[in-house]
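**Student:** Given the coordinates of chain A, work out where chain B with the ligand should sit on it, guided by the hints.
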Amino acid sequence: MDKTPQTEPRQSWTFSNEINSEIRRAAATGIYDIRGGGAKRRVPHFDDLLFLGASVSRYPLEGYREKCETSVTLGTRFAKKPIELKIPVTIAGMSFGALSGNAKEALGRGATMAGTSTTTGDGGMTEEERGHSEKLVYQYLPSRYGMNPDDLRRADAIEVVVGQGAKPGGGGMLLGQKITERVAGMRDLPEGIDQRSACRHPDWTGPDDLEIKILELREITNWEKPIYVKIGGARPYYDTALAVKAGADVVVLDGMQGGTAATQDVFIEHVGQPTLACIRPAVQALQDLGLHREVQLIVSGGIRTGADVAKALALGADAVAIGTAALVAIGDNDPKWESEYQKLGTTTGAYDDWHEGRDPAGITTQDPELMARLDPEAAGRRLRNYLNVLTLECQTLARACGHNHIHNLEPEDLCALTMEAAAMAQVPLAGTNWYPGKPGF
Amino acid sequence: MTTTLDMTTTELREVNTTLQAAAKSQANEAYVITNPRGSHAMACGLDGPLTVTIKGSTGYYCAGMNKKAAITVEGSAGPGVAENMMSGIVTIEGDASQYAGATGHGGLLNIKGNASSRCGISMKGIDIVVHGSIGHMSAFMAQKGNLVVLGDAGDALGDSLYEARLFVRGNVKSLGADCVEKEMRPEHFELLKDLLEKAGADARPDEFKRYGSARQLYHFNIDNADAY
Ligand SMILES: Cc1cc2nc3c(=O)[nH]c(=O)nc-3n(C[C@H](O)[C@H](O)[C@H](O)COP(=O)(O)O)c2cc1C
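Heads up: the sequence lines are chains A and B, in that order. The first sequence runs 1 to 441 under my numbering. The second sequence runs 1001 to 1228 under my numbering.
So that you can see chain A by itself, here it is in the shape it has in the complex:
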């Protein structure tokens, strides 16, 4: 007897296995999912842009023969001692506590060898980091953990953190497992408790207060240090304009793909704008104020390759910052730990329970045994190599577009592969001279 033909079992797009697994997890635990990393969903990104390259009307520069400069100076507006970097890629602020001391040391070593800066994070400045970073940016955060005037004075620049791309409007979290004696001591908290970092600064609210706060920081550091203001990709036009009005030397703009040590997944995936969508409005704000290039713009959130760096610069950034990519370069999510990732119920590339402190790679942990797996010198060399590759790639693209300095890259060097990217980056859709929202169409 012939069987009645059956339709294949059909999975719902709306209720996918992944979504259902989250529903089951929520039902079992009663608490939202916390994780590290940035947005995992696909959003329009630098991949959706292409460089046009040189042509009859623009001639290219010879690779390896004709110079293409990569240096960047940050903090030229008010600071007596601006920061000079050899390359346009900096290491973003990542907290000690979230990261191990060895990881911080590796970041310092790699960045210093490559001629760029590192940044402290929530939890204060460590010796590992100050000792191994030739140029160190000191974050001034809402929690003020470990904040003290001596560290402020021995920093090379100060970054007032208003927001982060992964969680604009959110504070930090460090769960008890990672609050070891050393971390607790630096934060003036009891050991082993779940610790929340505030989402707002305790002693100022709004741009007028921020201006006075920046005045205080300058008065305490003799007007020497560049003051950065870091904003999450929420309202980039207004936030940039207000940061500049408050007196920032440098604006750090972090889009939604930007990583975090630990936050609610719902926050990471659903708050903030993609990095690609943030750059042009921020640059517009600087141009409207007549301060583009005088107040420098550092862009972060999902920077992975020299192409990403070049595209961010072409859209008007002065430099970029990397977090996740730097961690991967020093050994995060390395396939050599696959069997251990499996034991933790995950797999290489997907490991993001950084808040649990059981990182097989020894980076996002405070466990002495795991920490010892990361050799800071070897990891530092890997980071230097990676930073060099980013720079070489960026130079290659700049030369191909005929530029003798990476800062001469411009939106006119680009086209977009999708309508969305064209609209966000305000560069023409490939094969046309049009982008959505272009005036005059």
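The hints are simulated quantities; they were obtained by calculation from the structure and are not laboratory data.
As a list, the in silico BS3-like pairs of lysine-lysine whose alpha-carbon atoms are at most 25 Å apart: (1) A/Lys81 <-> B/Lys1024; (2) B/Lys1173 <-> B/Lys1144; (3) A/Lys80 <-> B/Lys1024.
**Tutor:** Same frame as chain A, now just chain B with the ligand:
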């Protein structure tokens, strides 16, 4: 030796450079600042045993991040006075605005008048004595140190408190999440006696009640979600 700096003729930058250099030289000198006219960021970032008297009221962040210096404001102080102070003594003869002593790590902030909202927010080891009353949300997320109030406290005192100790003589309008009244033990009487003496406060330790953290929110527990 006492040096006077008049802010009708001396810029803020010069005032602070002079004070910071004098503090750094560890010379134990005395400075008097006249006509502060509510200037912001006055006498901030000092690091040394200097005595500074400000004749009048100050703006935001007076004595910010102070180390070792003794700074007196003969007037009232704007928001964030002695924020993140590390050590030394800051005395306000009048009232203090919001966030007095915010995130302070050490030293004594002695406010002879009242303090506004969020006094001692996120304090990390500082001692604060307020001779008058304090406003709402004071000692929010306070981590360490002692807050002593001779008058009353406003709403939500000590919300999400960590290990800071709060002593209030008058009424507390309401306690914040996880803040509870606690027993005064001998060591608390001792501590309070010492602080009252240092601050020149006219009060007895046995007139105070102590408040501290119930430590129920130290580990996230879904059953406490209503407290957030
Ligand atoms: C492990 C980790 C810890 C972080 N800690 C901080 C921090 O303490 N303060 C801060 O402003 N940003 C922090 N961030 C965000 C980074 O500074 C940066 O904005 C982000 O990583 C950039 O995006 P990317 O990871 O895609 O490169 C952290 C990021 C990571 C991955």
